[in-house]
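Novice: Listed here are the chains, written in short residue letters.
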Amino acid sequence: MPHLSLAEKLSILADAAKYDASCASSGAKQRNSRDGKGIGSTSGNGICHAYAPDGRCISLLKVLLTNSCTFDCHYCINRSSSNVRRARFTVDEIVDLTLDFYRRNYIEGLFLSSGIINTPDYTMEQIVRVAKALREDHDFRGYIHLKTIPDAAADLVTQAGRYADRVSINVELPTTGGLRRLAPDKSEKRIEGAMAKMRSAIDEGRDARKRYRSAPNFAPAGQSTQMIIGADAATDREIVSRAAMLYDRFDLRRVYYSAFSPIPDASAVLPLKRPPLMREHRLYQSDWLIRFYQYSPQEVKAAADPDTGMLPLHIDPKLAWALRFRENFPVDVNHASRRMLLRIPGLGVKAVDSILAARRCHKLRLDDVARLTTSLKKILPFIIAVDWKPVALGDRENLLPHLVAKPNQLELFAS
Amino acid sequence: MRVICLDAEDDFEGWRRAARSLATRRVPAHEVLWRVGDQSGDLFGRTVDEANSTAPIAVSRDFLALSRLAILHRDPERFSLLYALLLRILDEPYSLHNPADRQVRRVEALHRSVRRDIHKMRAFLRFREAGEGEMRRFVAWFEPEHHIVRANGAFFVERFTNMRWSILSPKGSIHWSGSTLSEGPAAQRNEAMGDDPVEAVWKAYYAAIFNPARLMPDAMLKEMPKKYWKNMPETALIPSMIAGARERERGMLEETRTAPVGKHGAETIERLREEARSCRRCPLWRPATQTVFGEGPHDAKIMIVGEQPGDQEDRAGKVFVGPAGRVFDRALLAAGIDRAGVYVTNAVKHFKFELRGKRRIHARPGAGEIEACRWWVDQERAIVRPKLVIAMGATAVRALTGRTMPVGSARGKSLTLGDGTRAWITVHPSYLLRLSSPAEAEGAFSQYVADLRAAVASMTDID
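Here the protein sequences come in this chain order: A and B.
Residue numbers for the first sequence follow our numbering, beginning at -18 and rising by one.
Residue numbers for the second sequence follow our numbering, beginning at 4 and rising by one.
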């Protein structure tokens, strides 16, 4: 391999890492560098230091240790049969890059992943060496997210959890059939086995911290995962079920969705399409409904089209649910429970909390509600206030033009 | 009119002292004039308020937290607004917790705007390295919207404790020596300029982490408004990244389209068939016996798409084995097409029927079902990559084109599918079974064969 400059290597190894959706730097325990020799702090909330024209934020230096890989997963640019240019960082190179970027306030820390080279243990060991050098040699107190390798030895994974704020293993595809077809070297059993082990290690770490303050932190920001959307036949309902199962069984902090996007030198068995970005967006919205709006996975699934199992693309899942279960509306903003207020399309969590606080002081009129929300027009058909009562919700065709900008997209789902 | 002189734009303690003193005397807000800096109060013959009452007044911590940040806002009226709110909550303490209250709302808006500015400074400030060894230090230039530089100092101290740094701004500067924080006057942008070689590496990273297939400039602008761009080195790349994105994406798609599926094709189509066995994309899987998937060589030149499996296909798990299948076989023979050489599949992979007594009567698949199943047809096409697709009947046409077209007038003509593949339209063989008069059936059959022949003949000009 001809000698590559650091910037060239970085271009290759960041390019190869961009398909991983996660870049969050949140959930870490608060710390700073006042009493140390090193550098860095975390506040619990992540900071996005830049945004790329794809709309995604840059919070961490997200790179691969190497993009060489013995696996041959069709959706992955780094698969062994791909003709992509290969590169490999040394441990010191990544450590220096992280510190150099951090000192200039470009990043919150490091997200390190890798293609699998030699053996899973060897690869995991290299990943851990980077984190260890940052933490122990340089007293780095910024954020570290490590991708763990499913088959790596338990003690290596434990070490990863010691140094990292967050660890993750990707489930890759929402269906078993999809995984078998597109990632023949991976197995659902091994991936979930690794997640289960990680969960118990995190639980144990939390337990130990409760008993001894001096117990080491173990992945305090928990574990996350990612699945690729649009490369297998999974319906939105199946994806929501799968995510709910993952949250539940492995206590995940986040499930990331990554719309399958065309890659250079793609495997010829993949869909020849632009990534289903709107679908990805709707799935994230459904994830929010479950995590912040007290919807059950069953309820989110009920918002999907009964024929196709897909969430509508032209309206958000909350509005879809409201239109499907319109007997729940209108909701009286002066009397309804928090749970019901959260179901009003167009009302966010902040607005709901403001309504709850305000109505302790006085009965809310429409202009009070208007001050607490961004768009009164959108929520009008769904609420009752002192001086407002909508007529019964009309049928979907009558209501939609008032609520969505482009009703002509409806045609896609007409049946 | 009383005049209060504060030391600086962000002099919260000064405001707090004065406000407390005024409030104990219940001086109305409109009788107080707030000023910043060393301006004498007698300019208009008014008196500077010197009374210093330290009588304690009780306000909630929430108000202190709110005013501590809101006072950093650039709005010159902020001191007065906050003081008016203070007077109000002394009498009506609960109004502070009423977000629908106009006065509270206005102050909260200031607070929100300041918090956002503080956050953006933590995010978008960029240090440049200057000097070496003992002299090494980091210098940043930032143009905040509000008076936040001093208030934000602690964050940078805690994060970069062991670095020596300066943050310069048009409203003042702060300097960290590694042990003490000092303040300096307003600065000029060029004082923070320097040639930092790491900047080029950072730009390389920024360009590489961008996925051109996901171009969404509006989402970027929402979080990173242009006013911050001029002091961030990487943003200079944005116009060319956006301009080249479509081209890069097209290149990737083009490359994929022309790449051969290769030796893994047969294996892949088998795996796809296996995956389709558990398909739940529409409710038809429930009543049907099994998924009936396409059959034929994975590298066939011709793909023929029918409507859906019938009763016999559903039991056998194979395409075109029932009565329509026999007509189909006869027609292929007559047209000189070897069925073993073509890939035959259906637009919908599950049998849709209505029960009449014990009989399962064929029912037409709906648009939703066709749409749901299209995923499989697309995948089959992506793997087989036929040179020619023959669509038999309206359902097949809809599955391939996404549009409804009258088969009667479109048959016997070629059209080009979204990915450039040529497609021909003809009737579905089951249509021939429904014709009652033998003469009519005979004629329709010959026409069907003629369509198939013409379709195959058209391939010569493709190769």
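These aren't lab readings, by the way, just hints derived from the structure by calculation.
A quick note: this is a predicted structure, and the numbers were derived from the prediction, not measured.
Treat the hints with caution; some may be incorrect.
In silico contact screen, one side only, chain B against chain A (beta carbon under 7 angstroms); selected entries [said to hold, decoys possible]: (1) R125; (2) A126; (3) A216; (4) Y231; (5) R284; (6) R289; (7) P290; (8) M462.
Residues of chain B clear of chain A, computed beta-carbon distances all greater than 12 angstroms [to be verified]: (9) V6; (10) R19; (11) L36; (12) D94; (13) E132; (14) E137; (15) F158; (16) E161; (17) T164; (18) K206; (19) Q293; (20) P326; (21) R359; (22) G415.
All C-beta atoms, glycine included, are put in the ideal place defined by N, C-alpha and C.
Novice: Against the earlier hints, flag every one the structure doesn't satisfy and list their numbers going up.
Specialist: The structure breaks hints 4, 6, 7, 8, 13, 15, 16, 17, 18; every other hint is satisfied.
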